[in-house]
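Residue numbers (our numbering), protein chains in the order written: chain R, 2 to 348; chain X, 394 to 750; chain F, 47 to 368.
The reader is advised that the hints may include incorrect statements.
Derived lysine-lysine pairs resembling DSS-like cross-links, with alpha carbons at most 27 Å apart [as the list claims (entries may be wrong)]:
| no. | chain 1 | residue 1 | chain 2 | residue 2 |
| --- | --- | --- | --- | --- |
| 1 | X | Lys500 | R | Lys249 |
| 2 | X | Lys500 | X | Lys596 |
| 3 | R | Lys249 | X | Lys525 |
| 4 | R | Lys67 | R | Lys79 |
| 5 | F | Lys49 | X | Lys500 |
Derived from the structure by calculation, the hints contain no laboratory data.
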Amino acid sequence: MTPFLTRTRGRQRLHWTDWLAYAYLCLGVLLMFGPVLWLVISSFKTERELQHYPPRLLPYVQKMEKVPGYSDPLPVFKVTAGPLAGQEVAQVRRIGIVSQVVRPDAPQTIVKVPIKDRKPVEHVALATSNYAKLFKRFNFFQFFYNSTFITVVATIITLLINSMAAFALSKYDFRGRGTVMALIIGTLMIPPTVVLVPLFLIVRDFGMIDTLWGVIIPGAATPTGVFLLRQYMLTIPDEILDAARMDKASEWKIYWRIILPLSAPALAVLAILSIMWRWNDFLWPLIALQRQEHFTLQLALNSFRGEFNTDWASLLAMTVLTLVPIVAVFAFLQKYIATGIASTGGK
Amino acid sequence: MSDLELRGVTKAYGAAQVIKGVDLHVAQGEFCVFVGPSGCGKSTLLRMISGLEPISGGEVRIGGEVVNHLGPAERGLAMVFQSYALYPHMTVRQNLSFGLENLRAPKSEIAERVTAAAQMLQIDKFLDRRPKDLSGGQRQRVAIGRAVVREPRIFLFDEPLSNLDAELRVEMRGEISRLHRRINNTMIYVTHDQVEAMTMADKIAVLRDGRLEQFGRPLDLYNTPDNTFVAGFIGSPRMNFFKGHVRGGAVTLDAGTTVPLPAGKFQLAEGAAVTLGIRPNGMKPGNAGLPLTVASVERLGGESYLYGTAPDGTAVTVHSPGQTRIEPGTQIALALDADDAHLFSTDTTRSLLRKDA
Amino acid sequence: MLKLITPFMQIVDVPMRALQGLLGPRRLAWVFLLPNLFVFGFFTFLPVILNFFYATTGSDHILLQDRPFVGMTNFGQLMNCQSYLDPNTCQIDVFWRAVHNTLWFIVLQVGFMVVFSMITALILNRKIRARGFFRAVFFFPVLLSPVVVALVWKWILQDQGALNAVLDYLGYPTVNWLLSPTWAFAWSIFLSVWFHMGFYTLILLAGLQAIPRDVYEAAAMDAASPWRVFRKITLPLLMPTMVVVMVLALIKGVQTFDEIYAFTGGGPGSATTLVIQYIYQNGFSAAPRLFGLASAASILVAIVLVALTAVQLWITRRNANG
């Protein structure tokens, strides 16, 4: 085992710098994964457990027991002092610092125990109460639907119109092509963050403020997407297009029967980028969407943060549900995304 | 099935004229090869015929009808591309049927025609494969098949064999010739390889710098080239050219030898600067004649080639049947066969052959 | 997938065929460009122009015809400072606080980010087991949404959070991290580095892997020490990538908003308010909505961004040519 662990691919034994490298990487795993893992674990803790200080690593759930004569299961405690010391009891109710308990084998006799003399009986378990509450109390599905709708529709539109533009810019030699290219490079310099006010006015004039379309349309034409696709389409030989023209295909047919299928790898990269941008988008939706029923998950999360600062239970559950889809999708496509993002500069 | 006629066809990119007025008539059912060195405009001319490249001037007529304004799809032609240009994401079957689908042919007819073409080209076993799973020769067949199923009025081939290895090229050459005999369609075939041109063509059009240098049957071009360019381009190894002057019904070469010419065969002007062309097999090592310093010898077994220089520095190639004993470095004398000689004006490069002779 | 889009594409084919007949294939290119240009035109170019109108007009009306022309007043107000080093002497002190914050933020953030991504990339470039896994570990925060990132760290840093519990356990005094201006700012930088580091690591790693192996082999033949190899070979050959990373990080640093806003809301006070948040607050969150000031500020930001992007394009082009 030891030689297996300490052998590197190149040298026979680990150099001290290798140990240092692995130490750094392990610290990295802790620092990068740890916080998110902590959040996920925390989301499976009961509200009571969340308020436990110092927090415990694993989620604990108090043992509940069905006692004859009581309709709901009762929480189980272990008594630490007094006549019942060492016994497990079920708490019927708590009044101030006194807890009224019953022994499971004698459900009729209520015994009073000071709360400092009892300890909850707990076991490690995932509590799904936060999630249940989230679905019950909040319009979670509405937010989820809004986010999904925006992501899916925007990605489809982005793929369609960007690939059309890239096709024109890569396969036609027309007057003004240079100008169009320059304009698109220009838009790289103008992120939406610096045109918020007029953008708001224009989207308002289109009647799209506080609609999902107001979020979808303004960002549908991405210079990154056009560039990415154009670069790829330039590698498709023109002779194939000529062959299709000889085969009596219309230009539109060439676009969707020849160019689109052949650009699939680049389209996949753009699709992934677009999904990521849209799902995680924040500032523009924050401005463009006003009524809560139009909020995306990100906006909902942000608004919870302000509204009830202490309701970490719902917030944690919702955070997990927000990050799960994207992480799940991308766990499978990690390599694709990494190369895609590296090749385009991310945005 | 149609003939093709070009009338004063020109093509210019801005100020640069690449096709400088070509007149040509390819009769119905003819196999016509456009040949010329790279950059001569032969591919451009083919693309202009196909409609993929707009025409700057002149007329293209197919079956007597002017098609200048028609797009590539409407001209009823089919083309086989140099890179094959198969649709990489489609199976062979889809590649073959794509064009017919665009023509909205009925499904049964598409299937029928695809099967027939596939059988003819022996690709029926690969119909459900994609181009990347095929060998070079098979791809070539698919590319031809794609043209065949369309049953075009004219077939266009753009250097279709240049991506194949030598052996396959010979095989496909025969294949295309057989195809032509079988469907007896008008075909235009572009190549830079004069062997392909000689072996396949009914008619050859030799192009240089956007101009048609000569148009005719292969052996006519070989036997009576119109100018030094055609003479040098057709035939392998290429013709030897010697500079000289006309001196009393004979040519005195700059290399020193005098070659008598058959009377009345050429238009001779006393003292005119002329170029004498003799093919490598028109000369024999002998006792007297043109002195040649042999630089190297290629011995192919059944035949030999001698490479050397004449006294005036002209490079000379000599074909010698059988095996030779001549060694590199020796000096030999060449007997020139005046009956096989071609004579060109040095100034105009044009042939001095009497047309009426 | 193909079955789904085929009918749509076939329907579009009808008008496109007609247009092709009308325009010819060459001018048809404009039809293909049209949807993209429409979106660019209305939602990028037009706003750029309108931004200047907003910046030179006053009042809290959104409609341009309701806004009186005020010339350069908005810029004058923004720039009206006795000393640019001290936001308190400025007429619009919040703006200058945001500017100061942003400057400190990007200097520290870009600095730390480049250093840590460089170290990580160098380590990941070694012969290491499970390299793919470790690369993914450092990269994966890039995928998260800014709000999620903010909440992840807020949960750890809250008064009764995990970090304080650990400090408690070790016997150190606890801190209410996000209520202290200095700590909130420091953690903002930390969070931002944590969030974006993987992206730059990836770019640097690609740069490292593009250095040809034989250069290192030649250095090994020359008996160069590892440190000298790094100084004399790796670093100079990686320099172009480093510069790209730095400029990219600067461009994104100036635009930082999402994660910090969701993390601290700009507070406590205005300790973590950055310039984009200033624009957002003036234009959209607080009444009166001072669109003029917001636009003027965004034009100032845009000038910085255009300059930085020009530098970036110039560098990439020089790298590509050299």
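Here is what the structure says about each hint:
no.: 1; hint: X/Lys500 / R/Lys249; verdict: 17 Å, holds
no.: 2; hint: X/Lys500 / X/Lys596; verdict: 38 Å, violated
no.: 3; hint: R/Lys249 / X/Lys525; verdict: 24 Å, holds
no.: 4; hint: R/Lys67 / R/Lys79; verdict: 16 Å, holds
no.: 5; hint: F/Lys49 / X/Lys500; verdict: 18 Å, holds
When the structure is compared with the earlier hints, a violation turns up for hint 2 alone.
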